[in-house]
Each structure stands twice: as structure tokens, then as C-alpha cells.
Amino acid sequence: MKNYEFYGSIILTVLLTAVIAFWVKGDPATKVKLAISYGALILLFLFGFLIIAAIASGKIDISLLLTESGGGASMSRFQLLIFTFVIALSFFLIVASNAKELPDIPANVLALLGVSATTYGVSKGIQAGGGLKPKTGPGGNGNGSKTTDPVKDGQQLNVE
Amino acid sequence: MPSISTLAFYEGLILMVGFFGIVFWKLFTGGIDLRQLLEGDIRDANSPDGFSTQASAGRVQSLIITLFTAMYYLLQVIHNPKGFPKLPNELIEAMAGSQAVYLGGKAQAMLLGRLRDLVK
Chain P
-16 MKNYEFYGSI ILTVLLTAVI AFWVKGDPAT KVKLAISYGA LILLFLFGFL
34 IIAAIASGKI DISLLLTESG GGASMSRFQL LIFTFVIALS FFLIVASNAK
84 ELPDIPANVL ALLGVSATTY GVSKGIQAGG GLKPKTGPGG NGNGSKTTDP
134 VKDGQQLNVE
Chain Y
33 MPSISTLAFY EGLILMVGFF GIVFWKLFTG GIDLRQLLEG DIRDANSPDG
83 FSTQASAGRV QSLIITLFTA MYYLLQVIHN PKGFPKLPNE LIEAMAGSQA
133 VYLGGKAQAM LLGRLRDLVK
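Respectively, the protein sequence lines represent chains P and Y. The first sequence lines up with residues -16 to 143 when you count with our numbering. The second sequence lines up with residues 33 to 152 when you count with our numbering.
Each hint should be verified, as a subset may be incorrect.
Stated by the list, open to error - Which stretches of chain Y does chain P cover? Using the computed rule of at least three CB atoms under 8 Å from a CB of chain P, they are:
no.	stretch
1	71 to 83
2	100 to 109
3	135 to 146
What the hints assert, rightly or not - For each label pair, taking beta carbons as the anchor points, the in silico distance ranges come out as:
no.	chain 1	residue 1	chain 2	residue 2	range
4	Y	ASN78	P	ILE43	22 to 30 Å
5	P	LEU93	Y	ALA89	28 to 36 Å
6	Y	LEU123	P	LEU76	31 to 39 Å
Claimed, not checked - Cut-off 20 Å, straight-line C-alpha distance, at most; resulting in silico cross-link-like pairs (EDC-like, lysine to aspartate or glutamate):
no.	chain 1	residue 1	chain 2	residue 2
7	Y	LYS58	P	GLU(-12)
8	P	LYS83	Y	ASP81
9	Y	LYS118	P	GLU(-12)
10	Y	LYS114	P	GLU84
11	P	LYS42	P	GLU(-12)
Worth flagging that the hints you see were computed from the coordinates, not collected in a lab. Idealized CB from N, CA, C, for every residue including glycine.
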């Protein structure tokens, strides 16, 4: 698989790391430490940016992120998404304002995430136990993929 | 050259805003399907596939409690970003109760069907 963005990110990171290692003043041990630290940060950012760009361009399809197997949006998925965003944003804000150490996570925050994740799990179990067949949605075949292949879509071919 | 912590902060900020922004943009423009968020499937003997769809009060109350808890928590963090705020136990209990009502309603609808059909 040709993934030029991936290789481009690695090459860019290596070049920037080399620039830092050669041009920054200091003793060799400090230079290596700085080059590795900056290199890891740049590489992580570029990988994250690649994923965001792929989502924005539709290369990574998240249109069925909240859709449950029977069709329609899932409330349990929606609330898990909301709480994941809230906790992630809170974590970032707290770490940004207290850069010296990672914060302790109180038990009731874990309980909140636990309630949310358990709801999602139990909801999936009920959905599976109910025996509701996946519905065909717009542009989809009900199982999450958007193929136009009749064999993959479960249709029969008429071969005469 | 920016310090490592400054660079990490701005990188994290760009990635977080980018990711959340794309997800919310897709939510608002319909790129992520939110249809039937407040409707649930229910077992129905008269329907061809055995299920029909109806408005769900359990989903509505779950949405309200979820949004209230999320907003409350986020405002607490924005007000004092020195550490994770402690949530009141009552709020956790309300959240758990709300999810239990939602799951109970869903289990009844998916596994048993309408109550009025059961007592016929």
C-alpha cells in the first residue's frame, strides 16, 4: 500500500531532528535528548494530523460513528462520545495549567466513565439479544460498509 | 525555538481542536447520522421484520441528564483548572439511575414488546 503521507511524515521528522541535533548549541548528551524529544513530538503531531486530515477528507469514514446495528443513532454511543470529549478536554486543560505532574483522577470521575461505558456495553447486549436484523441505510448495506458489490451486500446474482 | 512544553501544548491544542471540530462539524452537517437518536426499536408482531420504531422517553431523559452532567463538569473544570473536580454523589446516582431507566426501557422494548400487547 502506497501511503506517501506516512513516509513524508517520517522523512520530515528525521530532517527536523537532524537540524535540531546539528544546530542547537550544547553538549552532545543534551543535543541527543533534545533531538529525540522534539522528534517524538513532531512525529506524534504529524501522525495525529494525518488522521484528522483523513477524517476531514472522508478517507476515514466516521459517518456511522453513532449508528447502532439495527439502524438509527445510538443514545449510548452518543453519551459515551460526549463524556469522552468532556474528560479528554478537562484532562488537557488541567495538564496545561499544571504542567509539572499528571493530575490524579478522582474515583467519581472513573465512576462516571464506568456508568457510561457499562451502558454502552449492556445496550449492545440487549440489541444483540433482541435479534433485530441490521437495516439498510442510505448509501449503506446495514453492516457499516458502503460497498456496491452485490456479493458483499448479500444479494444474489442472477446468472443465466 | 519554542520550549518542549510550549510545543507540546500547541500541538495538543491543534490536534484536540481539530479532532473535536471535525466531529462536531460532521454532527451538525449530517456527516454523522443522528436520525432516530430519540426513537427506539420495539418488538411488534404486526411489523414485517418483527420490530417497529417509536419515540422513546427513556432516550429523552438520558440525553437531558447526559448533557446536564457534561456541561456541569466542563464548567467546573473551566472555572478551576487546577485538578479534576469532584462530582456530587447525587449527580452520579442520577446519572446511573437515568441509564438504568434507559436500559430497562430498551430491554423491555426489544425483548418483550409493548406492555399493552403483553396483557392482552
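So, going through the hints one by one against the coordinates:
| no. | hint | in the structure |
| --- | --- | --- |
| 1 | 71 to 83 | holds (count 6) |
| 2 | 100 to 109 | holds (count 5) |
| 3 | 135 to 146 | holds (count 5) |
| 4 | ASN78(Y) <-> ILE43(P): 22 to 30 Å | violated, 41 Å |
| 5 | LEU93(P) <-> ALA89(Y): 28 to 36 Å | holds, 29 Å |
| 6 | LEU123(Y) <-> LEU76(P): 31 to 39 Å | violated, 20 Å |
| 7 | LYS58(Y) <-> GLU(-12)(P) | violated, 23 Å |
| 8 | LYS83(P) <-> ASP81(Y) | violated, 58 Å |
| 9 | LYS118(Y) <-> GLU(-12)(P) | violated, 43 Å |
| 10 | LYS114(Y) <-> GLU84(P) | holds, 11 Å |
| 11 | LYS42(P) <-> GLU(-12)(P) | holds, 13 Å |
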